[in-house]
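*Asks:* Both chains come to you apart, so use the hints to assemble them.
Chains A and B, in that order, are what the protein sequence lines are.
Residue 84 in my numbering sits at position 84 of the first sequence, with consecutive numbering throughout.
Residue 532 in my numbering sits at position 50 of the second sequence, with consecutive numbering throughout.
It is possible that some hints are incorrect.
Here are some, though not all, of the chain A residues that point toward chain B, as calculated from beta-carbon distances under 8 Å [stated by the list, open to error]:
{"hint": "1", "residue": "L50"}
{"hint": "2", "residue": "V172"}
{"hint": "3", "residue": "T383"}
{"hint": "4", "residue": "L423"}
{"hint": "5", "residue": "C433"}
{"hint": "6", "residue": "P441"}
Read the hints as simulated data drawn from the structure, not as lab findings.
Cβ atoms here follow ideal geometry from the backbone N, Cα and C, with glycine treated the same way.
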Amino acid sequence: MKLNGNLEETLTRLQHMTGCSDDLILSRVTLCGIPCALLTCEGMTSAGLLGELIFDPLNGLQQTFPDGAALLRQIYDRKLLSADSTLTNDAGTLLTMLYSGFAVLLSEGANAALCFGIQGYASRSISEPSGELNIYGARDGFSEPVRVNMSLIRRRMKSPALTFSLISAGTVSQTDLCLCWLRDRVPASLIAEIRQKLQTLPLETVLSSGYVRPFLEESDMQLVHSIGTTERPDILCAKMLEGRVGILIDGTPHALVIPQLFCETFQTMDDYNYPPAYATLLRWMKYGAALLALLLPAAYLAAALWHPELLHETLLSLLTEAEQTVPFSLAAEMLGILFMFETVREAGLRLPKAVGGAVGMIGGLLIGDAAVKSGLISTPVLTVAALSATAGFVIPEHHAALTVLRPLFIFAAAAAGIPGIALAGMLLLYHICGTEVFGFPVSAPIAPLMPRRLQDILARVGFRRLSQGNFRVSEIREQAEE
Amino acid sequence: MQQTTPCTPRWSALQTAAILLLCRLSAFFCCPVPYTAAYAKGMFAAVLVQAAMLLPLVKLRHLLRIPVPALWLFRLSALTLAAVRTADAFRLMKQLRCPAPHLLPLMFLAVLLYTVSRPQAATARTAVLLLVLASAGMLLLPVSGLRAAHAVSLYLPGNAKGAFLREFRQSAELALLPVLLTNQKPKEQYAPHALTAVCIGRGAVLPLLVLLGTMQNGRLTNWQGSPFFLLLARTPLSDAVRTDGFWLLLAVGCAVLCVTFLLQQAIPQTRTPALPRLSVLLICTGAAACFIRTGYRGEGLGIAAAVTGAGLPYLLLAVQGISNKRAAFRRTE
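Okay, chain B solo, but in the shape it has when bound (with noise of 0.2 Å):
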C-alpha cells in the first residue's frame, strides 16, 4: 500500500494546540445550551476519556504512516466538519440577530476565500494571536462575571451525560490530530506540549468558564443565543458600553479560523490550487446550506469523526505491524 506523510508546513506546539483550542472555542460559541455545573462536570469527563485515547498517539506518531486512502478520508472528514461549522457560523449570527442576514454569509464566504488562498502558517500564526486575543479577554472575565454570579445557581438541574455527548460532538477537529502530529515539528517535546496544552484548555478553562457562566443564570432571562455573550455584560470601568461586541467579534474570528483550518485540511496539494480551493469552498458553502435548511447539527457525524480519529491511527498501526511481519515471515521463506 502506498503510504505518505503529509507534506504540509510543520506546526510548534502553541500553534497546534491554538488550533484546535480555537475550534473548540468556536463550537463553544455557538451552542446555545444553557450552562449547568452538570454541563461542565460532563465536559471534563469527556476531556478526560478523550485525553487517554489520545495521549498514547504521542507515543506511537514516529510509527505511524497515513496511507493515502486513509488521508482522504481525513480530508473528507476535514471537509464536512468544515461544513458543519460553517452551518454553526451562520446559525450563531442568525441567533444573535445579526443584521444583513443575507449579506453576511456572502462576506463570509469572501473572507473564506482569501484566507483559504493563504498559507497554511498563516492559519498557525493567526491561530496564535487570535489565542492571545482570547487569552487576555477572558482574563477580565473574573473580574465583571463575578459581580452579577450566584453560587446558588450551581445548583440547577442538569443534564451531564448530554454535556458529555455534546463535548464528544463538538471536539470533532481531534480526527484531524493524527495527521496534525505527523506536522509536529521535530522537536521530541512538541507533540506532548500541544497535547497536554489542549487538554488543560479543555478540561480546565472551559469547565470553569461553564461555572462562571451558570453563575450567571439569573440574567439569562430573555436571552437567546450562546450563554457566554452574557460572561460579560458590563465593562469593569464604566456602564457606558457594553463589551460583548468584543466576544462576537471573538466568535466570528474562531469560526472563520476554523473553517479555514479545516478547509485547508481538506484541499490536496497539487500545483495548481487555485480550483482545489475553489471546489472545496463550494462543496463547503453547499453542504452548510443543506445542514441549515434540514436543521442538522452534525451530532452523529461528530462523535464518528472524533472516534475515528482517536481510533484509526491504532487501527492503522495494527494493519502496520500485521503486514510487516506477514513481509518479514515471506523473507524468511
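Chain A with its partners taken away, still in its complex shape (with noise of 0.2 Å):
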C-alpha cells in the first residue's frame, strides 16, 4: 500500500493494519507549522538516541516550508540526524522498518515517511560461546542480534573484500539473514546460488539456525551435515578466508558456515594455537576417539558374540567370567546402557545447571555403581559402553549422528558379527561420500583427493607451511566438477 499526502489517513490506515498494537507508540508534533507524526515501537529505540538525534534537532528547526514534503525532503538531504535514514512511500516497508527499531517520521502532505535507524532494543550482552570453548583463542562468542553480530566479523577483517549482505526470510518473521564473504575467494556464482534459496525459503519463521539449514543441504536425511555452525567469530573469519560463506541468523547466536567438510569436524581453533606436534597428537586422539565412539561397543558384541577367536584367552576368560551372572543378551545390556546413558545426558541438559549436574552425578552412580551390583549389566560391558560415550564427547559435533549410528552398529554386529559392522560401514561411507552441498563434497580432500591439502587433517603442520599453501575450498568444487 502506497502513503498519500494525508496524514489522518495514514496513521488511521497504520493502526488498522497493526490492529492498534499497544507496541506502537505515536508522537504527535508540528514542526515549523505543518502536523507531522513520529512512530516508534515499544522497547526497540533508543530513548537517548531518540531525544539526542530525533527530537533535538527537529525541535530546533525555524525555517519555513511550504508543505511535509518539502520539510521531510529537507531533513533527509541536510540534516544528519542518523546515519542509517531512507524514505519510502510504501506502508508495508515502513512497518517492517518500525519494528526493526527505526523511528518514522510522517508529516501532512508528504507522500513518503522518513526513517531514522535508531534501535536500542536490550539484547544479551557478548559473552563467552558456551559450546565452543577453548584455552587460547579469543573470548567472544556470537550473540542474538545480527548487526552486533556483523560488527565482531569485521573488527577482525577490515579487508574491503569482505562483504555483508542482508536478506529478509520468514513469510511472517521477516528475519534478518547476513550472507558474509570474501569477494575475491568466493565465486559470484556460489553467492547467487546461495541467495536464491535464501529468498525461496518456504518458511513463516526462522528462529534459529536449524530452521535454514536442511533447505541448503540437499537432503533432510543426512547424518552428516554438510553446511556447518559456529558460535565464534573468529572460526567464522578462518572460513571465510578460506573461501566460504557464512550466513548470519538474527536472533540466534549461531553462523552456518558453507560448505563444511566431514574432516573439518575434528579441528578446533586451539590447533592452532599448539605446537604443531601436539596439535597432531591431538588430531589423531580425536579420529581415534571418533572410531572407539561409534564402533567400540558394537566391535565388543561382534568380538564376544561371534568372533572369540580374535580376543586372547585371558581376555576371552575374563569376560565370560563377567557374563556368567547377567540375566540379559549382551546386545540387550549394551543397547539398554546406552540408552540410560543418553536418557540421563538429556536430563541434565535440559534442567538448572545446579540440578543438572546432580542428575547426572546419581545417574552416574546408578548405572556404575548399583547397576553392577546387582547383577543387572556386567562391568566390560559398563566399561566399553562409558568408553564409547566419553569418546563421543570429544567430537560433540556427531553427537547426534553418533546416537543414531551406534544403534544401527550394534544391531548390525549382534545379527552378523564383523560382516555386520562392515556392512554397516559401508553404508556410512557411501553415505558420507555421496554427500554434496553446492557442488562440494564433503568427504574432500581425501576423497576427491588432494595430497596437498592432507597436511592439515593427517598432521597439523606449521603456519610457515600452512600459509604457502593458501588453500581456497573452491579447488574442491574445481576439482569435483572437473
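*Replies:* This is how it looks when you write it as C-alpha cells:
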C-alpha cells in the first residue's frame, strides 16, 4: 500500500494494519507549522538516541516550508540525524522498519515517510560461547542481534573485500539473514545460488539456524552435516579466509558456514595455538575417539558373540566370567546402557545447571555402581559403553549422528558379527561420500584426494607451511566438477 | 550405426585406479587357493600381458566411439560379473564361517540397494577412501607378517600356469576399461596415470603380498578360506587382540564396492532409475544364487570378459576405420 499525503488517513490505515497494537507509540508534533507524527515501537528504539538525534534537532528547526514533503526532503537532505536513514512510500516497508527499531516521521502533505535507524533494544551482551570453549583463543562469541555479529566479524577483518548482504526471510517474521563472504575468494555464482535459496525459503519464521540449514543441504536425511555452525567469530573469519560463506541469522548466536567438510569437524581453534606436534597428536586422538565412539560397542559385541577367536584366551575368559551372572543378552545389555546414558544426559542438559549436574552424578552412580552390584549389567559392558560415550564427547559436532549410528552398528554386529559391521560401515561411507552441498563433496580432501591439502588433516603442520598453500575451498569444487 | 559415449560422471585417474584395484582386491580376498611363489610369478606374468594388451587403448581412446549394441554388451558383462562377485562374497563369508548365514545375504542386498542408488561419484569417492584404508593396513603387513615368515616356504611346488589363468579370470573387471577410459577427465595424463597405477598395484604390490603370504605357509594348517587373513595374525604391539577382523571388514567392504560399481555400470541411465536399479539387483541376486547352487565360479566367463574387454575396442576401431573409408569412398563417387 502506497502512502498518500493525508497524515490522518495514513495513521488510521497504519493503526488498522497493526490492529492498534499497544507497542506502537505515536507522538504527534507540529514542526515549522506543519502537523507531523513520529512513530516508534516500544522497546525497539533507544530513548537516549531518540532525544539526542531526533527530538532536539527537529525542535530546533526554524525555517518555513510550503508543505510536509519539502520539510521531509529538507531533513533528509540537509540534516544528519542518523547514519541509517531512508525515505519510503510503502506502508509495508514502513512497518517492517518500524518493527526493526527505526523511528518513522510522517508529515502532512508528504506521500513518503522518513525512517531513522536508532535501534536500542535490549540484548544479551557478548560473552564466551558455551558450546565451543577453547583455551587460547578469543573469548567473545556471537550474540543474538545480527548487527552486533556483523561488527564482531568486521573488527577482525578490515578488508574491503569482506561483504555483508542482508536478506529478509520468513513470510511472517521477516527475520534478517546476513550473508558474509570475501569477494575475492568466493565465486559470484556460489553467492547467487545461496542467495536464491535463501530468498525462496518456504518458511513463516526463522527462529534459529536449524530452520535454514535443511533448505540449503541436499537432503533431510543427512547424518553428516554439510553446512557447519559456529558460535565463534574467529572461526567464521578463518573459514571465510578459505573462501567459505557465512550466514548470520538475527536472533540466534549461531552462524552457518558453507560448506563444511567432514574432516574439519575434528578441528578446533586451539589446534592452531598449540605446537604442531601436540596438535597433530590431539587430532589423531580425535580420529581414534570417533572410531571408538562409533565402533567399540559393536566390535565388543561382534567379538564376544561371534568371533571369540579374535581375542586372546585371558581376555576371553575375563569377559566370559563377567557375563555369566547377567540375565540379559549382550546386545540388550549394551543397548540398555546406552539408552540410559542418553536419558541421563538429556535430563542433565535440560535442567537448571545446579540440578543438571546432580542428575548426571546420580545417574552415573546408579548406572555405574548400583547396576553392576545388582548383577543387572556386567562390568566389561559398562566399561565399553562408558568409553564409547566419553569418546563421543571429544567430537560434540557428531553427537547426534553417533547416537543414531551406535544402535545401528550394534544391531548389525549382534546379527552378523564383523561382516555386519562392515556392511553398516559401507552404508555410512557411501552416505558420507555421496553427500554434497553446492557441488562441494564433504568427503574432500580425502575423496576426491587432494594430497597437498592433507597437511591439515593427517597432521597440523606449522603456520609457515600452512600459509604457503593459501587453501581455497573452491579448489575442491573445481576438482569435483572437472 | 548409432554411436554413443556413456554419460556417466567423469572420474579422476586415482578414482578409476582405486575402483579397479579394489575389485581385484575383492577377488583376491575371496580366492581360497594357497599362496606359492609360482602363484606370484603367474600373477606377475598375467599382469604384464594384460598391460601390453591394454596400454595401446590409452593412445586410441580419443578415437573410440562405443556403439549402443557394444554398450549393452558391456552392461551385460558388468551384470554377469556382479553376480559372480556376489557369489564369491557369499562363498567367502561361508568359508570364514561368518554368523547368520541366512541373514547376512539379506543384509548384503539391503546395503546394495542403498549403495546402488547413490550417485556414481559416491562409488568413486568411497573407492579412494577404502584404498587409503587398505594401504594404511598393508603398511602393517611387513611389520607383523615377517615375524612368522619362513623363506623356505618360497620353494614349495606351485602352478604358475594356473595362477596366470586365474589372474585373467579374476581381473574380468578390466573388460569395463574401455567404458571407463571414455569417462576419464579431459586431462591428457589421467588415463595413462590410472592404468599405470592399476598395473603397479596388480603387478607389483599383489605379487609381493602373495610372496609374504607364502612365507607364512607354516601357519596354514587346518585353515579354511582365504590365506590372506593369516598374514596378520596378531598385532605387532599386543597379543590380546588379533587384527584379522580389520581384513574381514575390508574384504566385505571391497565386495560391496565392487558389486555396486558393476551394477551401476550395468544400469542404463534413464530418467526413472528406481525400476532398472531394482530389476538389475534382482537379476544379479538370482544369478548369484544360481552360481552358488551350481558351484560355478565364472572361470570361462572371466577370461572371456577380460579378453573381450581388451579386444573389443580394437575390433570397434577397425570397424569404425572401415566404415569411415567406405563413407569417404562413396562421397568421392
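*Asks:* Taking the closest Cβ pair, is L423(A) under 8 Å from chain B?
*Replies:* With Cβ-Cβ at 5 Å, under 8 Å, it holds.
*Asks:* Would the hint on L50(A) stand, with a C-beta cut-off of 8 Å toward chain B?
*Replies:* violated, 57 Å
*Asks:* With 8 Å as the cut and Cβ atoms as the points, is T383(A) at the interface with chain B?
*Replies:* The hint is violated - T383(A) has no Cβ within 8 Å of chain B, the shortest such distance being about 15 Å.
*Asks:* Would you check whether P441(A) satisfies its interface hint, that is, whether its CB is within less than 8 Å of any CB in chain B?
*Replies:* holds, 6 Å
*Asks:* Holds or violated: is there a CB of chain B closer than 8 Å to the CB of V172(A)?
*Replies:* Check failed: Cβ of V172(A) comes no nearer than 37 Å to chain B, outside 8 Å.
*Asks:* Close enough to count: is the Cβ of C433(A) nearer than 8 Å to one in chain B?
*Replies:* At 4 Å from the nearest chain B Cβ, C433(A) passes the 8 Å test, so the hint holds.
Checked against the numbered hints listed earlier, the structure breaks hints 1, 2, 3; every other hint is satisfied.
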